[in-house]
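*Asks:* Read top to bottom, the protein sequences are chains A and B. The opening residue of the first sequence carries number 185 in my numbering; numbering runs sequentially from there. The opening residue of the second sequence carries number 185 in my numbering; numbering runs sequentially from there.
Heads up, some of the hints might be wrong.
You can't tell identical chains apart in this list, so a pair holds if it fits in one copy or across any two.
Simulated pairs of lysine-lysine, DSS-like, Cα-Cα distance not exceeding 27 Å [stated by the list, open to error]:
no., residue 1, residue 2
1, K311, K429
2, K319, K429
3, K278, K319
4, K429, K351
It is worth saying that the hints were derived from the structure and are not from the lab. This structure is a prediction, so every number in the text was calculated from the model and none was measured.
Number of protein chains: 2
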Amino acid sequence: MTKRFKITIAYDGTNFAGFQTQPKQRTVQSVLERAVNKMSKEDEYITVFGSGRTDAGVHALGQVVHFDFPHEMTAENMLNALNSLLPLDCVVVKSEIVPDTFHARYTTHGKRYLYRVSQSHFVDPFKRNYTGHYKYPVDIEKIKAALPDVVGTHDFSSFVASGSQTKNHVRTIYDATVRRDESQNEIIFEFAGNGFLYNQVRIMVAVLLEIGRGKRPIHDFLRLYEVKDRSQARETAPASGLYLKEVYYD
Amino acid sequence: MTKRFKITIAYDGTNFAGFQTQPKQRTVQSVLERAVNKMSKEDEYITVFGSGRTDAGVHALGQVVHFDFPHEMTAENMLNALNSLLPLDCVVVKSEIVPDTFHARYTTHGKRYLYRVSQSHFVDPFKRNYTGHYKYPVDIEKIKAALPDVVGTHDFSSFVASGSQTKNHVRTIYDATVRRDESQNEIIFEFAGNGFLYNQVRIMVAVLLEIGRGKRPIHDFLRLYEVKDRSQARETAPASGLYLKEVYYD
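Please construct the entire structure, taking both the sequences and the accompanying hints into account.
*Replies:* The structure is reproduced here in structure tokens:
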């Protein structure tokens with residue numbers, strides 16, 4: 185009777201200490217597991233598996249998790265039940281029953297991230313938790329000229345946070361775009377790839393903004409791939425601007 | 185050398201216990217006074233006067249305050265100095281030096297409020313603090329037909345929270361509009377008037393939504409003006425959707 189549920193969720197990361205369960209911290213995984221286990225009468229604890237972690241303050245529009253639920257329930261009832269139990273900063277947007285071979289983390293083909301940069305002179309109080317902030321003038325054409333260097337398979341050793349324990353830093357980026365949202369005075373980046381290293385998107389955004397500001401040559405990514413030196417990429421754009429937009433499966 | 189400053193501010197009301205100073209609470213007035221007094225070497229405490237209170241959770245796009253500052257400073261320097269001292273959920277958008285006859289509260293001719301209602305089925309986690317939420321279908325044409333009853337001079341006794349100590353409940357509304365923001369799936373109300381009673385906008389919005397849903401007759405405002413009975417207006421729309429948009433002076 186146990187069935188595997190694939191659940192797509194959106195969350196405001198502001199008040200979460202990231203996705204993954206940590207002692208004494210409010211995390212997305214812990215509030216999900218509390219809701220799921222509240223619905224089950226079984227003694228066995230139901231674990232929720234995410235497609236990957238997100239850091240404290242990072243948001244999701246389409247994070248994917250799975251878990252095995254030991255009672256009869258339709259996908260739609262699961263969506264409604266979870267949304268009645270979850271806190272308001274985390275919502276289920278889609279619920280599906282999937283084969284046991286599905287695994288949120290191990291069967292993914294990639295992810296898409298979005299990054300919002302506010303260009304206001306002072307930080308907009310309504311955006312402080314939902315955008316990065318860069319007040320300097322940015323030539324978006326320079327960033328557009330740099331993005332073809334980002335796409336493809338590269339060694340991203342210069343773009344991985346020092347805390348990462350991953351040895352292999354080669355990743356493939358399928359798609360990288362930038363656009364200006366004039367009405368919001370924002371720059372919006374999107375990156376889709378087969379996987380991302382710890383802080384990779386936030387470091388890439390910081391480098392791209394410096395390219396747009398004219399502080400780095402347009403093709404500085406090619407140099408950074410060569411030097412494999414995190415310190416030369418310097419800045420990390422803040423967590424508040426980052427959104428996990430989509431997780432890809434077959 | 186003392187000059188009066190008129191300061192227009194925007195704030196995210198989520199983490200404030202309203203505008204007005206209260207013991208042991210974080211309020212807009214208290215963070216403003218802390219910033220202003222940090223800039224002054226005088227022993228005398230500088231008090232900041234607002235155009236009026238906003239409740240806990242209510243936002244401002246254009247709240248106005250004034251204070252007397254005993255040191256030489258340009259309006260522009262005041263704006264920059266305050267923004268470097270204020271927390272990120274409160275920002276100065278405009279700074280002016282005004283005559284001593286200006287008073288943020290006593291010389292105002294009226295105010296404009298905006299109210300955002302999200303119509304999503306479940307609460308959008310990114311809007312939970314920034315909109316009211318009403319999932320039921322609303323016929324906006326019915327609300328448009330009711331709005332002419334709102335405009336004008338009326339006794340709003342049915343639309344004042346029971347906690348109010350104001351005796352005179354007659355107010356004049358200059359302008360009342362509603363529109364649907366399709367891209368955001370929101371209904372946006374705006375009300376301009378010579379003054380508003382405690383919770384008046386939030387109670388009016390709740391009644392207008394019930395008119396739009398077909399739970400009240402279109403001209404129920406006319407009946408509510410007559411009965412002068414708060415209990416018949418029933419609901420109060422949540423603070424999270426309300427924005428003080430503008431304060432009017434000569």
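*Asks:* Within a copy, between copies, both or neither: which one fits K311 and K429 at a CA-CA cutoff of 27 Å?
*Replies:* Both: 18 Å inside a chain and 17 Å across chains, each within 27 Å.
*Asks:* Could you figure out if K429 and K351 sit no more than 27 Å apart (CA to CA) within one copy, between two copies, both or neither?
*Replies:* Intra 26 Å, inter 52 Å, cutoff 27 Å: intra-copy only.
*Asks:* Given a CA cutoff of 27 Å, do K278 and K319 count as a within-copy pair, a between-copy pair, both, or neither?
*Replies:* between (37 Å within a copy, 18 Å between copies)
*Asks:* Given a CA cutoff of 27 Å, do K319 and K429 count as a within-copy pair, a between-copy pair, both, or neither?
*Replies:* So K319 and K429 pass the 27 Å test inside a copy (25 Å) and across (24 Å) alike.
Consistency with the previously given hints is maintained throughout, with no hint failing.
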